[in-house]
Amino acid sequence: MPDAPGLELIRGEIEAAHPGAVLDTGFAQDRAVLSIDPAHLIAVLTWLREAPGQEYKFLSSLHAADYLPASPRFAVHYELLNRDRVERIRVKALLDDPGEDTLPELDSCVSLFPTANFQEREVFDFFGIVFNGHPELTRILLPDDYVGWPQRRDFPVGGEPVTFTYNEKNYG
Amino acid sequence: MAEPLLSEDRTSEVMTVNMGPHHPATHGVLRLVVDLEGEVVRDLKPVIGYVHTGIEKSCEDKSYWKVIPFVERMDYVSYFFQMEAFCGAVERLIELEIPERAKHLRVIFLELNRIHSHLVWLGTTALDLGAISMLWYCFRDRDRILDLFEMATGQRMHTRYFQVGGVIEDIPRGFEAKLREFIRDMPVRVEQYQALLDRNEVFLSRTKNTGIVSRERLLELGVTGPLLRAAGEPWDLRKAFDYLSYPEFDFKIPVGTVGDNYDRYRVRVAEMVESVRIIEQALDGLPEGPYIADDRKYVLPPRSELSTSMESLIHHFKLVTEGYRVPPSEIYYAIESPRGELGCFVLADGSAKPARVHFRDASFVNLQAFRDMAVDSYIADMICSLGMLDPILGGVDR
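Chains A and B, in that order, are what the protein sequence lines are.
Each residue of the first sequence is one higher than the one before, starting from 1 at the first, in our numbering.
Each residue of the second sequence is one higher than the one before, starting from 1 at the first, in our numbering.
Hints were generated in silico from the structure; no laboratory data involved.
There could be a bad hint or two in this list.
Said to hold, decoys possible - Think about it this way: if two alpha-carbon atoms lie no more than 30 Å apart in a straight line, the pair counts; the simulated BS3-like pairs of lysine-lysine are:
#	chain 1	residue 1	chain 2	residue 2
1	B	57	B	208
2	A	57	B	45
3	B	208	B	252
4	A	57	B	353
5	B	252	B	57
6	B	353	B	297
7	A	57	B	297
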């Protein structure tokens, strides 16, 4: 894991090439965290993957979290790993909620990390975050005709309609 | 003139066949949409979600200590690993150090669970390949592990044994003797299994040189665990990262060379023997002392104190009713499960319930490699590859 000066160096180098890409750096439970502007996501991930001395070539996990009521509301986490140095770094793409029926959008990193395929579909399925350029962005765990984004914090729990209506139709 | 009944095209036609979700060889409720040209798989798509139960969402509505039995039921074959991933993550969030004895006990149960998981895999996969007797032998030994679980925890499966801070109870008297008996027998049993399979013509011809995926492609696809090691990559989180008391133990990481189904089998079988070695060392070096941390803000007080100490009673009441609060923070904690990297992401918002619990399940990610393993092979090899992939659909769908 990069230490605090190392993380600032990473920030400096990314900022030099892509001004405004890094919004914040920090440490959460001893994990270096780069919070970035989603517009520069692919550029930052590519740099972390390819730049000599970085080479975070393994994407361990991709997941999202809803920070309601904070703003920006969503963050997609990329847990990157360099297996030679045994170093992890977390990239957080911060996303605003556009509100109403519009869904937040982000570039897909499937071409960079093929492992993200299922995981991006899962994030789409549960948070309604659209990954532009994903080869097949459909629901993965929930039924195709499901309405709503259940892992969002404001999704009501309970009151799910019962899908098996045989008894209701015939005897109700 | 009438059309000929069998046009030339019919013989090379690609047919789409649906397999599952209730196919016995899919190891759970997995549906495969397979494009077949004769007997050869040309394309394939796994369709999942049939046992999705919304566990991650349910966890948001439970206080931290009540989440433990939920997450156990995700990957229902390696429940101790789910508990360790979650408890370890929460312990790091609240910066609670667990006693040495608890670390050793956790390692013992994790490794027993790894053997258990590999035995279930070996039995069912060999069954898919026609070796029915393997199932009975493997389940005989699996039952001994379940007996051990029952003895120590009161439950055979989904034990809820790990707690934030340590383990819920010390191992009972007689457990050590029974466990030593088991680890004495197990290497012999593994040799017997190998003797049954390693020189079996049918088994060899069905596993050797089938389902090969290169190491580079596996890494791209995020595959971890025995699948990756079978392709020759010695990557094991137990060695790479320092968690529990694994750094104290001497064990090897079995790796394969070719990365075919036979190597996957050899790696897992060798891992069982290594797990036995770890258990033996953990048992020999099992330190005396408390089995759970002594922080009354997070850990239930001993039952005997409740009738004499008012303070203990208050702590007990607070912990059981509200639970403990975790300061706002987030963590991703990964351990090596029998199927690869099992990561647990916990987001705490300062309340007594987690704002988000997410599991990076190894089966879920590994399943993406299945297309690469099966395309352009025979449908029979596809079944073999699926068994060797060892997905647990409870973990895939959560």
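Against the structure, the hints come out as follows:
no.: 1; hint: B:57 / B:208; verdict: violated (42 Å)
no.: 2; hint: A:57 / B:45; verdict: holds (26 Å)
no.: 3; hint: B:208 / B:252; verdict: holds (24 Å)
no.: 4; hint: A:57 / B:353; verdict: violated (34 Å)
no.: 5; hint: B:252 / B:57; verdict: violated (38 Å)
no.: 6; hint: B:353 / B:297; verdict: holds (15 Å)
no.: 7; hint: A:57 / B:297; verdict: violated (41 Å)
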